[in-house]
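Assemble the whole structure, with the sequences as input and the hints as a guide.
Below, each chain spelled out in residue letters.
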Amino acid sequence: MKYSMSALVENKPGVLNRVVSLFRRRNFNLDSLTVGRTEIPDLSRMTILIEGTETEARKVEKCLSKLVNVVQVEHLHDKPSVMRDLALIKVKVEGDRRSEVMQLCDIFRARVVDVAEKSVIVEITGEEDKIEGFTDLLRKIGIIEMVRTGIVAMGRGEHTVSPNGYRKTAAKGSKSVL
Amino acid sequence: MKLTGAEILWECLIREGVDLVFGYPGGAILPAYDAMTKYPQIHHVLVRHEQGAAHMADGYARATGKVGVAVATSGPGATNLVTGIATAMLDSSPIVCITGQVPTSVIGSDAFQEIDITGITLPITKHNYLVTEVDEIAPTIREAFHIAKSGRPGPVLVDIPKDVQIAVTEYEPISEPAVVPSERLVTVATTDEVDRALALLEESERPLILAGHGLTLSGAEQELLEFAEKRQIPVALTLLGKGTLAEGHPLCLGMMGMHGEAHVNIAIQEADLLLAFGMRFDDRVTGDLKTYAQNSKKIHVDIDASEINKNVRVDLGIVGDLKHVIGQITERMQPAEHAEWVNLIQSWQDDRHLRDIYNADPGGKLYAAHVIRDLWKYTGGECVVVTDVGQHQMWEAQYYHHQRPRTLITSGGLGTMGFAVPASIGAKMGLKDGEVWTIVGDGGFQMTMMELATAVEQKVNVNIAIMNNSYLGMVRQWQEFFYEERYHATPMGSPDFCKLADAYRIPNMRVTRREEIPQAVEFARQQTEGPVLIEFVVEKHDIVYPMVPAGASLHNMIRRPVAGAVTEKE
Ligand SMILES: Cc1ncc(C[n+]2csc(CCOP(=O)(O)OP(=O)(O)O)c2C)c(N)n1
Ligand SMILES: [Mg+2]
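As you go down the protein sequences, you meet chains U and F in turn. If you're matching positions, the first sequence starts at 1 in the numbering used here and goes up one per residue. If you're matching positions, the second sequence starts at 1 in the numbering used here and goes up one per residue.
Think of the hints as simulated: they come from the structure by calculation, not from any bench. Treat the numbers as computed from the prediction; the structure is a model and nothing was measured. Cβ atoms here follow ideal geometry from the backbone N, Cα and C, with glycine treated the same way.
In silico lysine to any residue, SDA-like type, Cα no more than 25 angstroms apart, as pairs: (1) LYS79/U with THR125/U; (2) LYS459/F with LEU431/F; (3) LYS149/F with SER65/U; (4) LYS290/F with GLY52/U.
Sample of chain U residues lacking proximity to chain F, with all beta carbon distances greater than 12 angstroms (derived): (5) SER32; (6) VAL35; (7) ARG84; (8) LEU88; (9) GLN103; (10) GLU123; (11) GLY126; (12) THR135; (13) ILE141; (14) ILE144; (15) GLU145; (16) ARG148; (17) MET154; (18) GLU158.
So this is what it looks like as C-alpha cells:
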C-alpha cells in the first residue's frame, strides 16, 4: 500500500540529500518525493509517498524525525487530505487528432498550454488516478514527452502540519538551498 | 575581538571543555594547527594514523562520558577517520571530528586532496557540517557538541575549508545552548505509559531485564539496581551493557546473545516479560527473530523512538531517558519476588559450571579464557578493559566480570578490529588514574599497532595483553563449524611481538604457561609510565562456547562438552 506523509525541513544545504540517503540506507521504498518552499521562509515542505506496510511507514516517520534538520513529520494517509499531482504531456496531434485531444482535455479539466504544428502540451492537475486515466487515453493518440511533479499533499481543515515551536538554529551552513 | 577562523575554532573547543585532541596535520588543516600554538591549554596527541585518532577520541568518550575530539586534514586524512567514525556511530559514542577541506574557491574541482567527506560520512555520522563562512564556525561547533552528546549520542563531523580557517571575523562567544529542530524535549514517561508498565509487571511471573548500553549513556545504573532489587527481577546484559549492574550481584545473570551464557539465553526464551532497557535487539543478541522470546510480553524503553518496534514488536514502547523512566516506574511499583523463576534460572546455571572452561584442567596448555579469567582475578576485577574484536573479546565478556559502568570498552555494533590499542590510549588519557588493560588478538593488534609509538611518546600507561593464537581465531572458529575446517586465510604469521616492543622501548614479557600469569600482572603493575606489552602465547585451536550460529534460534546453542577435571568453582 502507499503511505503519504508531510515533512517540514530546514532550508539548508544537503537536507534533500540526507532525506534521500536515509531511504536508500534503510531500504525504504520511495514512491514519490516532492519538495518546495512554504509559508515560512526558513523551511521547506516535503511530501513523501512510500510503498510498503504500515509498520514501514511508521519506521520512515521515526527515522526522518531523527534527522537534525527535520522539524516535523506527520502521516497524511490516516487523516482527510488533499493530494495533487501535476503533469505536462506533449501529445502528437497529426490530422484531425487535435480536436480529439481537446475533447479529452474538456472532460478531464486539463488545459492546453502550448500549441505547435504537430503537437500540443497539455497540463493536468489532480489525484494520481485521474492523471493515470488521462494519460492512458492520450497514449493511444501518441505521447511524445511527459513530466510529472510527484504528489503534493495537505491535510484538510484543522489537520495542519505546522512547525510547533520551531526555533531557527544558529549554524546556517552555506547559502544555497537544498 | 577580531580572530581568524582557526582561532575561533580553538576558542570554541575550549568553551566546550576540550583540553585534549587526537590528530594528524596536513595542508588543509594547517591554519588550525598553527593557531593551536596560541592555546597551550589544548594538549594535542599526534597519532600515527587518523583511524587511531578517531578510536582514541571514541575510547576517551566511552571512558569519561565526555565528548572526544579528533582532527585530520582533507582527503586521505579525512577518509582515514571513516572506520573510527562508523565505530562510534554504531555504538552511540559522542565524538566530534574536525577536518580541513580545500578552499571554498576550488570545492568541486577535484582539487589536490579534495574529497567530499560530508558526503562520505553522511550515513555514519549523527550529523555533519561543511562550514563555508567564518561566522558559522562558532555556532556550528556549539551545535556539533550539543548533537554529539544529546539524546542518543553519536559522532559529528565538521569540515572546514582552509580559507574559512584563515578568514578573520569579529568573534563573540556563544553561551546560549544550541537548538536542534529534531530534538525531543520530553524525556519522561506519561502516566499512562507507567500504568501500562505496572500492569504488565503485575501480570508477570517470569520477568527478565535486558540491560544495554543506553543505561550507561543515560547514567541510569542506580535506577536499574533499585528497580531490579525492589521487584527481584534478574538482569541479562548485552555486550555493551556489561558494567550496568555489577556482575556478582545475585540478580545479574551475565551476557546474552551469540556467545552469551546458555542459562541467559534460555531465560530469555522462557521469560514471560522482557524489560528491554537501552538495548536494540541486535541480531547478535536475538538470533532468529521468528523464534525469539515467543513466550513473553515486551516493554522497550529507549531514548531513540526509531528503535522501538524496529526489530522486535513490543507490547509497550516508552521513548524517554532511562534514568527518568525507570525511576518513574520504580516509584510506583510494588515490591515483589520471583523465587521460583530465579531458582529455575539457577538450575540452568549449575550446568554451566560443569561445562565451563575455567573449570577445565589446562593440562599444561595456556588457554586465552584462563588468561582472561586470571587477569580478572589478579587485578581484582577493578580495571578498565579495552578489547579488540574476535575470540579474545568474547572470552573477556565471559570471564572478566565488571563491577562498574564504563569499565569495558569494546566495539560492539561495528566489531572493528584494530579498535583496542588506540581506544585504550584514548581511554587512559581521559581517565588519567586507574589501571587500563588492552586485550587484543594477534590479528587486530597488527591493524593499529603503529599507535604504540603514540603511547610511548605520550607516556600512556596501558597494559597491552596480546592473545596470540597465530590465527584470526574467530574466523577460524566459523571455518571449523561451518566450512568443514578449511582454514583458508586465517593462519597468521606475526613478528616477534616482544622484539617489536623492544624496538619501541616498551617493557615486555612473553607468557607461555598459566603459572606465569600472576608474575605478568605484577610485571605490568610495576611499570607506571608508558605502555607495557605482554604476549600470551595461547592455544591455537580453541573455540568460544557456547555459540548460537548466525541466524539460528537463540536456544540452539553449540555447547562446550562437559569438562573433565574440575579445578575451580566460582
Ligand atoms: C576490520 C575488520 N576486519 C575483519 C573483521 C572480521 N573478523 C572478525 S574477528 C576476526 C579475527 C580476529 O583475529 P584476532 O585479532 O587474532 O583475534 P582472535 O579471534 O584470534 O582472538 C576477523 C578477521 C573485523 N571484525 N574487523
Ligand atoms: Mg588471533
